[in-house]
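Quick note, the sequences are listed as chains F and A, same order. The numbering of the first sequence is my numbering, which starts it at 825 and goes up by one. The numbering of the second sequence is my numbering, which starts it at 9 and goes up by one.
A few of these clues could be false.
[To be verified] With the Cβ distance kept under 10 Å, some of the chain F side facing chain A (calculated, not the full set): (1) Lys901; (2) His910; (3) Glu929; (4) Pro933; (5) Ala972; (6) Ala978; (7) Phe985; (8) Pro1064.
Simulated from the structure, these hints should not be mistaken for lab results. Note that beta-carbon positions come from the ideal geometry of N, C-alpha and C, so glycine has one too.
What follows is each chain in one-letter form.
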Amino acid sequence: MVSVRGVVNRFGTQVVHDGVDLDVYPGEVLGIVGGSGSGKSVLLRTMLGLHRPTAGQVLVRGRDITTLSDAEMLDVKRSYGVTFQHGALFSALTVAENIKLPIREFFAPEEATLDALAELRIRMVGLSVETGAKLPSQLSGGMVKRAALARALALDPSLLFLDEPTAGLDPISAAGFDELVGYLQKSLDLTIIMITHDLDTLIATCDRIAVLVDRKLVTDTLEGLMQNSHPWIREYFHGPRARSVRR
Amino acid sequence: MTALLQTSGAGTGLELRLAGGWCIDNVAAMEKALQLFRALDARQIRVRYGGIERLDLSGAWLLRQALRATRERGIDVTEVDAPPDHFPFIEEFAAAETAPAETSARPRLRPLGRTAAWIGRDALERTESAREALGFFGRVVATFMGAMLKPKHLRLPSIVRHVHETGIQAVPIVALIALLISVIVAYLGSQQLVNFGAEIFTVDLVAIAVLREMGVLLTAIIVAGRSGSAFAAEIGVMELNDEVDALQATGFDPFEVLVLPRVLGLIIALPLLTIIADAMGLIGGALLSILLLDISLEQFIVRLQDALAPTTFWAGIVKAPVFAALIAMVGTLRGMQVRDSSRELGRLTTVAVVQSIFLVILADALFAILFVEIDF
Chain F
825 MVSVRGVVNR
835 FGTQVVHDGV
845 DLDVYPGEVL
855 GIVGGSGSGK
865 SVLLRTMLGL
875 HRPTAGQVLV
885 RGRDITTLSD
895 AEMLDVKRSY
905 GVTFQHGALF
915 SALTVAENIK
925 LPIREFFAPE
935 EATLDALAEL
945 RIRMVGLSVE
955 TGAKLPSQLS
965 GGMVKRAALA
975 RALALDPSLL
985 FLDEPTAGLD
995 PISAAGFDEL
1005 VGYLQKSLDL
1015 TIIMITHDLD
1025 TLIATCDRIA
1035 VLVDRKLVTD
1045 TLEGLMQNSH
1055 PWIREYFHGP
1065 RARSVRR
Chain A
9 MTALLQTSGA
19 GTGLELRLAG
29 GWCIDNVAAM
39 EKALQLFRAL
49 DARQIRVRYG
59 GIERLDLSGA
69 WLLRQALRAT
79 RERGIDVTEV
89 DAPPDHFPFI
99 EEFAAAETAP
109 AETSARPRLR
119 PLGRTAAWIG
129 RDALERTESA
139 REALGFFGRV
149 VATFMGAMLK
159 PKHLRLPSIV
169 RHVHETGIQA
179 VPIVALIALL
189 ISVIVAYLGS
199 QQLVNFGAEI
209 FTVDLVAIAV
219 LREMGVLLTA
229 IIVAGRSGSA
239 FAAEIGVMEL
249 NDEVDALQAT
259 GFDPFEVLVL
269 PRVLGLIIAL
279 PLLTIIADAM
289 GLIGGALLSI
299 LLLDISLEQF
309 IVRLQDALAP
319 TTFWAGIVKA
329 PVFAALIAMV
339 GTLRGMQVRD
349 SSRELGRLTT
359 VAVVQSIFLV
369 ILADALFAIL
379 FVEIDF
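Kindly generate the complete structure, drawing on both the sequences and the hints.
Printed below as a string of structure tokens:
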């Protein structure tokens, strides 16, 4: 579905990624993990086409997005949805308006249809219909994340990118969000790439995990990574906070 | 209060007895005591901690530093009794100290060298900045061309909103300021002209000054302050919130959605505001003439018609769209450059206003030269 080949990202003299390779298979949930400052957000932006890498290719459904024209890139952007770390909802618009914006832009249906489509997505993520009329500033943290997910699903994408979806959520909300992601993934047959620190989320939802260490990616299942001998990976999965992994 | 440090003995038998409260609220006393450490001249000292009544982390840290410095000077320090509990804790993280911060690898230049370096760096930054601005301008024009071919991309509701916010909402302030300034200018001028019995020419003065220059320039400066900062701040906050990234990831072109509507909105609004400013300016001049100079309204109007050339009004109004484009593009460009922090937002908003006012005045000067050359 998504392949990253030999991506190098250099900013001045600082090399953030040095030959990153990744293959994401259709229908899987892949977690991306890495220390703070290891370049997870840059990798995400490279895969989204928001950042052109210094070298390397990013293939989405077989097409190298680093070489596409703006019009072709638009096609690609329509096929995926993104949630950003702090929601990044358009603060001047209500939740419903946030969801309707991409639909209206690309398909221009009637207003009543838009209302219905927005309502579907709002309910799909477990929010009440009244939430649609609220502004992002009026929502709690958990609701912001769900609303962002609803907007990411606006165009019925088959590929979803989630940037730290459970960051800042209390354990109950985080577990609820994990469940939601799992449920939507099965129901809609989504391929999901998520950046997360949350070990519980990694265990609960991810099929494979890619670890960003030493400016490269090491991809494996959880069991495989538990056996990995790299010092950072050992610390991550066997450290004092990895209680849930040890169970 | 017990002295924090007491010495007894001398030579090889010098003993330092620490006592009292080594806490942050005693910092002045601690500093005095530590000076004693620095003044020590023995080759061997013994330290006794037993008398310390209160000790907090700050006191422990200062003490440790002092003991360390003393050892480094070659004085042998032995502890007579057990050091306080704080010390092992401090040792843990002090031991993890990395090498002292690397001094900058940059060669230390003499003042002349430093100035040259600064000039060089500044020149490079300005060139880069100019290149970025040119690129931005080109992109706006390209987006506009694209939008003309596909009218659906023109986002009329957005343009209308901006015309409302930058134009209609600015009418009161622009009208008031235009009125006041023209009254002031007319007053000053008339005071001089009255010496020659030529106060009727105040009308000429007002007409030409307001319509050719002041109407459009004042309006542009007010709008630069109002809307230049608004554009930079609105877009800047969106950048900080990742909203611009979200737009791009959803397939929207920020230039089409954010920049172009603002530019077009202002290009429509500013000339209309200028007309209002011109009118208020003439009214202000008329008021002054009627009330202060004993010029009747009929006289004013007749004189005005004589004073106005066909080009007077147009020389002013033709500058308005140009000023509008400058203000809008500077505002939106600076907004899109905001990254990382609220401080950047504040700085770039300020830069937007200052630069747009500067460019407006510069453009005005260039127009003046042009008009003289082509006799407009």
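Structure-based check of all given hints:
1. Lys901: 4 Å, holds
2. His910: 7 Å, holds
3. Glu929: 7 Å, holds
4. Pro933: Not OK, violated: Pro933 of chain F not within 10 Å of chain A, min 14 Å.
5. Ala972: 9 Å, holds
6. Ala978: Where the cut-off is 10 Å and the nearest Cβ of chain A is about 8 Å from Ala978 of chain F, the hint holds.
7. Phe985: Since chain A brings a Cβ to about 8 Å from Phe985 of chain F, closer than 10 Å, the hint holds.
8. Pro1064: 17 Å, violated
Hint check: violations occur at hints 4 and 8; the rest are consistent with the structure.
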